[in-house]
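Visitor: Starting from the given sequences, assemble the full structure and let the hints guide the process.
2 protein chains.
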Amino acid sequence: MALTPARTMPGVLELLPLDQIAFQRMLDTIRRNYERFGFLPIETPVIEHSDVLLTKSGGETERQVYFVQSTGALGAAAEKGGVPELALRFDLTVPLARYVAEHEHDLSFPFRRYQMQRVYRGERAQRGRFREFYQCDIDVIGKDSLSVRYDAEIPAVIYSVFRELNIGAFTIQLNNRKLMRGYFENLGVSDAEQQMLVLREVDKLDKRGADYVRETLTGDAFGLSAEVADKILAFVQVRSTSVSDAFAKLDALGSGSETFEQGRAELKEVLAMIRDFDVPETHFALNLSIARGLDYYTGTVYETTLNDHLGIGSICSGGRYENLAGQYTKSHLPGVGISIGLTRLYWQLRDAGLISTAQSTVDVLVTQMDAAQLPAYLTLATELRNAGIATEVVLEGSKLGKQFKYADRAGIRFVIVLGEDEIAKGVVTVKDLRREDQFEVARTELVKTLRVELAQADIGR
Amino acid sequence: MALTPARTMPGVLELLPLDQIAFQRMLDTIRRNYERFGFLPIETPVIEHSDVLLTKSGGETERQVYFVQSTGALGAAAEKGGVPELALRFDLTVPLARYVAEHEHDLSFPFRRYQMQRVYRGERAQRGRFREFYQCDIDVIGKDSLSVRYDAEIPAVIYSVFRELNIGAFTIQLNNRKLMRGYFENLGVSDAEQQMLVLREVDKLDKRGADYVRETLTGDAFGLSAEVADKILAFVQVRSTSVSDAFAKLDALGSGSETFEQGRAELKEVLAMIRDFDVPETHFALNLSIARGLDYYTGTVYETTLNDHLGIGSICSGGRYENLAGQYTKSHLPGVGISIGLTRLYWQLRDAGLISTAQSTVDVLVTQMDAAQLPAYLTLATELRNAGIATEVVLEGSKLGKQFKYADRAGIRFVIVLGEDEIAKGVVTVKDLRREDQFEVARTELVKTLRVELAQADIGR
Numbered sequence: 001m002a003l004t005p006a007r008t009m010p011g012v013l014e015l016l017p018l019d020q021i022a023f024q025r026m027l028d029t030i031r032r033n034y035e036r037f038g039f040l041p042i043e044t045p046v047i048e049h050s051d052v053l054l055t056k057s058g059g060e061t062e063r064q065v066y067f068v069q070s071t072g073a074l075g076a077a078a079e080k081g082g083v084p085e086l087a088l089r090f091d092l093t094v095p096l097a098r099y100v101a102e103h104e105h106d107l108s109f110p111f112r113r114y115q116m117q118r119v120y121r122g123e124r125a126q127r128g129r130f131r132e133f134y135q136c137d138i139d140v141i142g143k144d145s146l147s148v149r150y151d152a153e154i155p156a157v158i159y160s161v162f163r164e165l166n167i168g169a170f171t172i173q174l175n176n177r178k179l180m181r182g183y184f185e186n187l188g189v190s191d192a193e194q195q196m197l198v199l200r201e202v203d204k205l206d207k208r209g210a211d212y213v214r215e216t217l218t219g220d221a222f223g224l225s226a227e228v229a230d231k232i233l234a235f236v237q238v239r240s241t242s243v244s245d246a247f248a249k250l251d252a253l254g255s256g257s258e259t260f261e262q263g264r265a266e267l268k269e270v271l272a273m274i275r276d277f278d279v280p281e282t283h284f285a286l287n288l289s290i291a292r293g294l295d296y297y298t299g300t301v302y303e304t305t306l307n308d309h310l311g312i313g314s315i316c317s318g319g320r321y322e323n324l325a326g327q328y329t330k331s332h333l334p335g336v337g338i339s340i341g342l343t344r345l346y347w348q349l350r351d352a353g354l355i356s357t358a359q360s361t362v363d364v365l366v367t368q369m370d371a372a373q374l375p376a377y378l379t380l381a382t383e384l385r386n387a388g389i390a391t392e393v394v395l396e397g398s399k400l401g402k403q404f405k406y407a408d409r410a411g412i413r414f415v416i417v418l419g420e421d422e423i424a425k426g427v428v429t430v431k432d433l434r435r436e437d438q439f440e441v442a443r444t445e446l447v448k449t450l451r452v453e454l455a456q457a458d459i460g461r
Numbered sequence: 001m002a003l004t005p006a007r008t009m010p011g012v013l014e015l016l017p018l019d020q021i022a023f024q025r026m027l028d029t030i031r032r033n034y035e036r037f038g039f040l041p042i043e044t045p046v047i048e049h050s051d052v053l054l055t056k057s058g059g060e061t062e063r064q065v066y067f068v069q070s071t072g073a074l075g076a077a078a079e080k081g082g083v084p085e086l087a088l089r090f091d092l093t094v095p096l097a098r099y100v101a102e103h104e105h106d107l108s109f110p111f112r113r114y115q116m117q118r119v120y121r122g123e124r125a126q127r128g129r130f131r132e133f134y135q136c137d138i139d140v141i142g143k144d145s146l147s148v149r150y151d152a153e154i155p156a157v158i159y160s161v162f163r164e165l166n167i168g169a170f171t172i173q174l175n176n177r178k179l180m181r182g183y184f185e186n187l188g189v190s191d192a193e194q195q196m197l198v199l200r201e202v203d204k205l206d207k208r209g210a211d212y213v214r215e216t217l218t219g220d221a222f223g224l225s226a227e228v229a230d231k232i233l234a235f236v237q238v239r240s241t242s243v244s245d246a247f248a249k250l251d252a253l254g255s256g257s258e259t260f261e262q263g264r265a266e267l268k269e270v271l272a273m274i275r276d277f278d279v280p281e282t283h284f285a286l287n288l289s290i291a292r293g294l295d296y297y298t299g300t301v302y303e304t305t306l307n308d309h310l311g312i313g314s315i316c317s318g319g320r321y322e323n324l325a326g327q328y329t330k331s332h333l334p335g336v337g338i339s340i341g342l343t344r345l346y347w348q349l350r351d352a353g354l355i356s357t358a359q360s361t362v363d364v365l366v367t368q369m370d371a372a373q374l375p376a377y378l379t380l381a382t383e384l385r386n387a388g389i390a391t392e393v394v395l396e397g398s399k400l401g402k403q404f405k406y407a408d409r410a411g412i413r414f415v416i417v418l419g420e421d422e423i424a425k426g427v428v429t430v431k432d433l434r435r436e437d438q439f440e441v442a443r444t445e446l447v448k449t450l451r452v453e454l455a456q457a458d459i460g461r
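Those protein sequence lines, which keep their order, are chains A and B.
In case it helps, this note's numbering puts the first sequence at residues 1 to 461.
In case it helps, this note's numbering puts the second sequence at residues 1 to 461.
No wet-lab data here; the hints were simulated from the structure.
Take these hints with a grain of salt, some might be off.
[What the hints assert, rightly or not] Pairs of lysine-lysine residues, derived as DSSO-like cross-links and limited to a Cα-Cα distance of at most 27 Å, are as follows:
{"#": "1", "chain 1": "A", "residue 1": "402", "chain 2": "B", "residue 2": "330"}
{"#": "2", "chain 1": "B", "residue 1": "399", "chain 2": "B", "residue 2": "143"}
{"#": "3", "chain 1": "A", "residue 1": "399", "chain 2": "B", "residue 2": "143"}
{"#": "4", "chain 1": "B", "residue 1": "399", "chain 2": "A", "residue 2": "143"}
{"#": "5", "chain 1": "A", "residue 1": "231", "chain 2": "A", "residue 2": "204"}
{"#": "6", "chain 1": "A", "residue 1": "402", "chain 2": "A", "residue 2": "425"}
{"#": "7", "chain 1": "A", "residue 1": "143", "chain 2": "B", "residue 2": "330"}
{"#": "8", "chain 1": "A", "residue 1": "405", "chain 2": "A", "residue 2": "431"}
{"#": "9", "chain 1": "B", "residue 1": "143", "chain 2": "A", "residue 2": "405"}
{"#": "10", "chain 1": "A", "residue 1": "143", "chain 2": "B", "residue 2": "143"}
{"#": "11", "chain 1": "B", "residue 1": "402", "chain 2": "A", "residue 2": "330"}
{"#": "12", "chain 1": "B", "residue 1": "330", "chain 2": "A", "residue 2": "405"}
Guide: What follows is the structure, encoded as structure tokens:
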């Protein structure tokens with residue numbers, strides 16, 4: 001029989017076990033912090049009805065959707081010229097909207113949910129673009145209304161997550177869509193479409209420089225006056241160094257429309273309250289260039305960047321939206337939330353050398369020095385496991401050196417050697433492969449000793 | 001705009017948050033036990049190349065496969081009359097085979113992996129049948145060979161998992177395909193296909209009774225002699241009550257072919273060694289009616305049943321196979337493993353009333369008695385969170401009674417009330433909604449007190 005080449009599809013990240021452990025630890029850290037802030041878990045099916053998924057999305061999203069058909073249905077849709085009935089979710093927000101609309105009467109509001117699952121996008125394959133990736137989302141959904149105070153809680157969660165992920169200094173950057181919209185309207189750029197085009201140009205500031213952007217904005221395509229272009233450029237370059245600096249810079253923008261003033265008031269309330277949440281002022285700042293999805297977010301918007309790796313871009317983004325599930329229910333459900341694209345983040349951090357290889361989840365390898373002692377090895381392993389110590393036993397005999405090499409390669413730190421002599425003396429020999437050290441310990445003290453060593457290692461992890 | 005009805009596709013299990021928490025606790029328990037036995041995590045993509053997924057599977061599996069096409073590729077395959085290039089995995093075994101073949105040179109053998117992910121089958125929708133469900137698998141894969149001792153370790157893991165899941169008394173039942181095959185060959189039923197048909201009849205024993213099955217086996221379809229039929233019926237009814245009973249019953253089968261004797265020797269070694277793994281003899285037994293997938297398993301086979309709920313069927317099954325990945329690699333990779341179909345198990349347990357509603361992951365709700373004190377509430381919450389206590393703060397004011405009702409409905413046990421008086425006195429009022437009790441505690445003692453209460457609750461969980 002000819003062999004089928006074993007391969008994954010392009011655009012997925014499949015990890016070797018030690019990398020998977022590092023990834024899993026990041027997932028666990030995020031989950032622990034989401035739970036600490038009182039968010040509740042939900043999971044939704046990967047497959048949804050196509051009409052449910054595609055109510056809101058524009059052309060681009062539709063081109064990226066993976067459709068699903070069971071064998072029986074294959075071709076039927078194509079013959080009818082239609083779209084298949086089922087598709088894979090491309091984010092966790094649309095499924096959340098469907099979930100809240102479907103289970104509305106069984107949920108308590110404000111509904112605080114976290115969801116950490118994979119999503120699918122049929123993107124063209126290229127380096128750093130994934131067709132399957134984890135999103136780790138939180139959202140707070142209100143019924144009818146939701147206080148802007150929840151907008152201040154979100155950065156507290158972000159701070160807690162990334163402090164514990166321990167991947168370097170970071171800054172949570174905030175803006176407000178009302179402030180931005182009001183400011184642009186004031187300058188005569190009131191069409192939403194045109195605002196978006198202007199912002200897209202402004203996005204090139206870092207790469208092309210202010211002169212290039214000013215020229216484009218005052219050119220034929222936009223036809224803005226030099227004064228308006230300068231005001232836009234000044235606005236989007238506002239950054240703050242502290243809450244009081246942010247207040248001063250917001251005040252310096254002058255007065256504006258009702259929308260503008262509402263945005264400014266919201267931003268001030270949010271910035272002041274983030275401080276009450278004990279987030280250090282070094283870790284959040286005003287950044288008036290942040291826009292996010294213009295058709296979706298309506299108030300506060302967030303991005304988070306690593307101070308020493310700005311090239312990685314935003315590692316956690318989101319914002320406030322007016323109505324989550326208008327396509328499914330007449331209930332008015334405002335919300336605020338963020339998403340961490342963990343697959344891409346992990347890949348970028350690894351690429352930048354910011355993730356060290358994980359130690360194995362296996363704490364101890366009990367070697368097989370003497371096959372006749374196997375029952376003793378198994379009893380020892382049971383004792384360790386009952387104490388919560390992850391233990392593997394070598395069940396197939398080989399040379400001790402080979403067993404040590406296996407442990408080393410597998411990232412297992414402690415190796416236990418137990419021969420007839422040791423059993424007679426009531427002791428156990430422990431090799432610490434990380435410290436390249438070896439010691440003898442009384443059999444009765446083994447669990448206690450290893451627990452202490454492993455607890456110390458956990459702190460250093 | 002007309003509303004789209006918010007609904008999931010049939011055949012999926014979507015849970016409300018408190019149920020999701022109960023489900024997640026089961027996943028965590030399984031994972032903790034898998035890790036305790038030294039299994040390493042892997043995750044594979046949901047989407048695989050169709051030719052990789054479908055090399056081995058027969059017609060039935062193919063009919064149940066979900067194929068995947070991005071928008072651009074839609075219809076193209078149908079026009080060519082072919083099968084789409086991509087499909088969703090229908091189990092975790094084929095992806096494991098592909099993974100091991102693909103990464104063979106980066107893995108250490110014996111390769112011990114666990115994998116807990118969802119799989120997809122386009123089954124006809126009916127009660128208790130799921131199109132999307134979790135499988136929680138472990139496998140040990142050897143290179144060239146794998147000692148039968150690993151077959152004895154698997155029941156130790158099963159025992160550890162289900163003891164901790166705490167869903168009632170259970171029995172791990174064992175058989176060996178070589179013993180079974182040898183016994184049938186001895187009786188002249190040597191064709192694998194015919195063996196399977198006979199076993200399918202024998203499976204009706206419980207429902208139709210021995211007379212019915214004997215009649216069928218001696219009838220035209222099978223044409224077996226009465227003596228052979230009786231021997232088959234006697235064989236498949238063998239059960240043991242202890243290891244020594246199992247040995248006696250295996251010996252009583254008389255002598256047989258080389259295959260038969262090899263199967264018997266393996267079973268004896270495995271049964272004796274399970275005891276060395278400290279699995280009580282009340283929790284495992286010989287059951288010579290167990291066959292599992294005849295084309296796949298080649299040695300030990302396992303099923304696990306709940307003693308008081310036999311109707312639920314096997315809650316954890318698996319066995320030994322000769323060669324994992326022959327379709328992808330020339331390497332010989334024998335293995336042994338099991339799978340827990342958690343979605344179905346959870347659904348069945350809940351249906352049978354064996355799962356109690358979970359307490360929330362949120363430990364504490366800090367109420368908002370006085371909006372002016374919000375900064376104090378936030379500081380208190382930060383303290384609790386830093387101590388690892390999951391805390392939600394009411395950010396939007398409402399009557400206290402309504403806030404209590406929210407906590408109660410959401411399954412949150414502790415509610416904290418903090419007014420001006422309490423702040424002045426340096427105390428906090430704690431309402432314990434489970435005990436319907438309320439007490440005052442010094443602010444400085446709050447973390448310690450709650451930690452003790454929550455640790456006790458954990459034990460009772």
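Visitor: For every hint, state whether the structure bears it out.
Guide: Cross-check of the supplied hints:
In summary, the hint linking residue 402/A to residue 330/B is supported, as the alpha carbons are separated by about 24 Å, within the 27 Å threshold. Annotation: proposed proximity of residue 399/B to residue 143/B is violated, straight-line Cα distance about 66 Å (limit 27 Å). As the CA atoms of residue 399/A and residue 143/B are separated by approximately 17 Å, the hinted pair is consistent with the 27 Å bound. Distance check on the hinted pair: residue 399/B and residue 143/A sit about 16 Å apart at the alpha-carbon level, within 27 Å; holds.
For the proposed pair residue 231/A and residue 204/A, the alpha carbon gap of about 16 Å is at most 27 Å, so the pair holds. Taking the CA atoms of residue 402/A and residue 425/A, the gap is near 26 Å; set against the 27 Å cutoff, the hint holds. A distance of roughly 60 Å separates the Cα atoms of residue 143/A and residue 330/B; the hinted pair therefore is violated under the 27 Å criterion. About 12 Å separates the Cα atoms of residue 405/A and residue 431/A, which keeps this hinted pair within 27 Å; it holds.
Under the criterion of a C-alpha separation no larger than 27 Å, the hint pairing residue 143/B with residue 405/A is consistent with the structure, at around 16 Å. For the hint pairing residue 143/A with residue 143/B, the CA-to-CA distance comes to about 58 Å; that exceeds 27 Å, so the pair is violated. For the suggested pair residue 402/B and residue 330/A, the alpha carbons sit about 24 Å apart, so the restraint of at most 27 Å is met. Only pairs whose Cα atoms come within 27 Å are accepted, and residue 330/B paired with residue 405/A is accepted, the gap being roughly 25 Å.
Of the hints listed earlier, those the structure fails to meet are numbers 2, 7, 10, in rising order.
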